[in-house]
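Peer 1: Dock chain Z against chain D, hints included.
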Amino acid sequence: MKVAATIVLASLLIAAGATLRPLTATEIPSAERRSGYTFMGPDTKAMQDDDTANPGMLGVLDGETLWKRKAGSAGKSCADCHDDARVSMKGVAARYPAYDKLLGRPVNLEQRINLCRARHQQAEPLPYEKHDLLALTAFVAEQSRGMAIAPDTTPELEPFVAKGRDFFMHRQGQLNLGCTNCHDDNWDKHLAGSAVTQAIPNGYPIYRLEWQSLGSLQRRLRNCITGMRAQNYDFGAPELVELELYLMARARGMPIETPAVRP
Amino acid sequence: MAAALINVPKKAKRGDIIEIKTLMSHIMETGYRHTTSGKIVPRDIITSFACRYNGEEIFRADLFPATAANPFISFFTVATESGKFDFEWIGDNGFSETAAASITVE
Chain D
1 MKVAATIVLA SLLIAAGATL RPLTATEIPS AERRSGYTFM GPDTKAMQDD
51 DTANPGMLGV LDGETLWKRK AGSAGKSCAD CHDDARVSMK GVAARYPAYD
101 KLLGRPVNLE QRINLCRARH QQAEPLPYEK HDLLALTAFV AEQSRGMAIA
151 PDTTPELEPF VAKGRDFFMH RQGQLNLGCT NCHDDNWDKH LAGSAVTQAI
201 PNGYPIYRLE WQSLGSLQRR LRNCITGMRA QNYDFGAPEL VELELYLMAR
251 ARGMPIETPA VRP
Chain Z
1 MAAALINVPK KAKRGDIIEI KTLMSHIMET GYRHTTSGKI VPRDIITSFA
51 CRYNGEEIFR ADLFPATAAN PFISFFTVAT ESGKFDFEWI GDNGFSETAA
101 ASITVE
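Here the protein sequences come in this chain order: D and Z. Heads up, the first sequence stops at 263 in the working numbering, and the numbers go up one at a time, no gaps. Heads up, the second sequence stops at 106 in the working numbering, and the numbers go up one at a time, no gaps.
To be clear, the hints were calculated from the coordinates, so they are not data collected in a lab. The reader is advised that the hints may include incorrect statements.
What the hints assert, rightly or not - Using 30 Å as the maximum straight-line C-alpha spacing, the simulated DSSO-like pairs for lysine-lysine come out as follows: (1) K70(D) with K101(D); (2) K45(D) with K130(D); (3) K130(D) with K68(D); (4) K76(D) with K101(D); (5) K45(D) with K189(D); (6) K21(Z) with K68(D); (7) K130(D) with K163(D); (8) K11(Z) with K45(D); (9) K76(D) with K130(D); (10) K10(Z) with K68(D); (11) K68(D) with K90(D); (12) K10(Z) with K90(D); (13) K45(D) with K10(Z); (14) K21(Z) with K45(D); (15) K21(Z) with K10(Z); (16) K101(D) with K130(D); (17) K189(D) with K163(D); (18) K45(D) with K90(D); (19) K70(D) with K90(D); (20) K90(D) with K21(Z); (21) K130(D) with K39(Z); (22) K84(Z) with K21(Z); (23) K70(D) with K130(D); (24) K90(D) with K76(D); (25) K90(D) with K101(D); (26) K84(Z) with K10(Z); (27) K130(D) with K21(Z).
Excised from the complex, chain D in its bound form (with noise of 0.2 Å):
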């Protein structure tokens, strides 16, 4: 009897500490935030930092004659509604992902420009990773470029930023890593000759060299997640877009750079 009380207390505090662990890891102090900005070399960031050396601003230019292009059986455009962008999307990406009453769940800022379309333009959805959807993802979010980070505070959002903090801390795949084994605890390391950095997405959607092209956060989480060898997610999975929510927060008060450009 003894024996067993001791084996359900033993098991008890290990399942304590397994739960507890992970939900107590290592978290960056605010203060030793760093942008992946940070991490890179001079030549990078002196492209990032020239507008006219920058490739990102060429998808920025182009996502802003799509705000102004009709589109749909509706025959409105972005502008149509919503006007100078300069203005009227001035500090959204800072905020998204943002929770979406009908949906009932978060949505980031593609798939908001996606519900635009269906319920307001009556147009398809513009595919994810393409050239369209791409571009004028960076040319709102561009609108908020030196902004600090505010995430959406509506309480419905809590149980998934809860979600995405969960998916963070857990170890999953072939190679049994969490997200937090690399960006929380060795940060300050490198991967082969990469800089590990923090997971700080504030920069998105990215010109990343090593991609040749724009690409979303979306586009850098499956990268990692077929890093980690695990199961990987569509884009615009829920729990995607629950990482996501979980980053942005993580990286909240942090300056937007959109569209930076990333090694």
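Peer 2: Just chain Z now, with coordinates in the frame of chain D:
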């Protein structure tokens, strides 16, 4: 939806050395890559770039498959007189784009 970004100083003193920066939107597909089914992705690159300053060619470059997407070309020239820079990119599949920028030389 090709677009170019050009950076030419708006004003310069006569005799100044000025930097001209150009960025052209292009995928620069090498022609060496294969699809998952083994088919070659056909080459699609910019093959030449030229810049004329008031009609006179001051810079020319030939581009090859090793060039990264969205080629960024930067070069220097001497500001001699007010006028116009004309840029021209020519490439595979009939790709042809132009851009222009003006400068005031005092």
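Peer 1: Next step is simple, just say for each hint if it's right about the structure.
Peer 2: To see whether the hints hold, each was checked on the structure:
no. : hint                 : result
1   : K70(D) with K101(D)  : holds, 26 Å
2   : K45(D) with K130(D)  : holds, 26 Å
3   : K130(D) with K68(D)  : holds, 19 Å
4   : K76(D) with K101(D)  : holds, 23 Å
5   : K45(D) with K189(D)  : holds, 20 Å
6   : K21(Z) with K68(D)   : holds, 28 Å
7   : K130(D) with K163(D) : holds, 28 Å
8   : K11(Z) with K45(D)   : holds, 27 Å
9   : K76(D) with K130(D)  : holds, 21 Å
10  : K10(Z) with K68(D)   : holds, 28 Å
11  : K68(D) with K90(D)   : holds, 17 Å
12  : K10(Z) with K90(D)   : holds, 29 Å
13  : K45(D) with K10(Z)   : holds, 25 Å
14  : K21(Z) with K45(D)   : holds, 17 Å
15  : K21(Z) with K10(Z)   : holds, 13 Å
16  : K101(D) with K130(D) : holds, 27 Å
17  : K189(D) with K163(D) : holds, 27 Å
18  : K45(D) with K90(D)   : holds, 24 Å
19  : K70(D) with K90(D)   : holds, 22 Å
20  : K90(D) with K21(Z)   : holds, 29 Å
21  : K130(D) with K39(Z)  : holds, 22 Å
22  : K84(Z) with K21(Z)   : holds, 15 Å
23  : K70(D) with K130(D)  : holds, 19 Å
24  : K90(D) with K76(D)   : holds, 21 Å
25  : K90(D) with K101(D)  : holds, 22 Å
26  : K84(Z) with K10(Z)   : holds, 11 Å
27  : K130(D) with K21(Z)  : holds, 27 Å
In the structure shown, no violation is registered for any of the earlier numbered hints.
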